[in-house]
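Q: Letter by letter, the sequence shown follows residues -19 to -1, 1 to 121 of mature numbering (1 follows the signal peptide of the UniProt record, and there is no 0).
These are calculated hints, taken from the structure and not from any lab test. None of these values were measured; they are calculated from a predicted model. Note that the Cβ used here is the ideal one computed from N, Cα and C, for glycine as well. Take these hints with a grain of salt, some might be off.
Each pair of labels, with its calculated beta carbon distance range [claimed, not checked]: (1) Arg106 <-> Asp39: 28 to 34 Å; (2) Glu80 <-> Asn105: 17 to 23 Å; (3) Arg102 <-> Asp26: 23 to 29 Å; (4) Asp39 <-> Thr6: 32 to 38 Å; (5) Ala109 <-> Pro61: 17 to 23 Å; (6) Val101 <-> Asp42: 28 to 34 Å; (7) Thr65 <-> Pro32: 28 to 34 Å; (8) Pro113 <-> Arg48: 18 to 24 Å; (9) Ile92 <-> Val41: 17 to 23 Å; (10) Glu71 <-> His98: 31 to 37 Å; (11) Leu108 <-> Val72: 16 to 22 Å; (12) Met76 <-> Gly13: 26 to 32 Å; (13) Ile119 <-> Asp26: 21 to 27 Å; (14) Pro113 <-> Gln88: 15 to 21 Å.
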Amino acid sequence: MQRLATLVALVLLAACAGAPTHEPTLYEQLGGRDGIAAISDHLLDAFARDPLVAPTFDHVDIRRFRRYFADYLCQTADGPCRYTGDPMSEVHRGMHIDEAMFNAVVQDLIIAMDREHIPVRVQNRLLARLAPQRKHIIYR
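Please put together the full structure from these sequences, using the hints given.
A: Next comes the structure, spelled out in structure tokens:
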């Protein structure tokens, strides 16, 4: 009986060892809904202190922006949220965002993620997913 129990235990251990491990989604690596909300809050704080970016938000409904931005990040990171705002090209139309301002916003996002202790490799995954929107944001 002892040998049978040992054999069963070994078989179970072997089965577990071969089972695929769950690789956390980007959403999970960002801290889920709470982590993304915190990143959004830190980003708004960074925007308020950034002389290049702050004037852009003078007439923006900050609560609305925060909600839409958090949903956008959540969806981009494969989370359960759905962004229901306008396309990026529409959101940024007429804002005349140049390369310097775009880069400042990216830097502010990195600062926000740093404040949440998001590992650099995870930050890079998110930035890589956001990067294709650059062409819809910078004024030409």
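Q: Which numbered hints are broken by the structure, listed smallest first?
A: none
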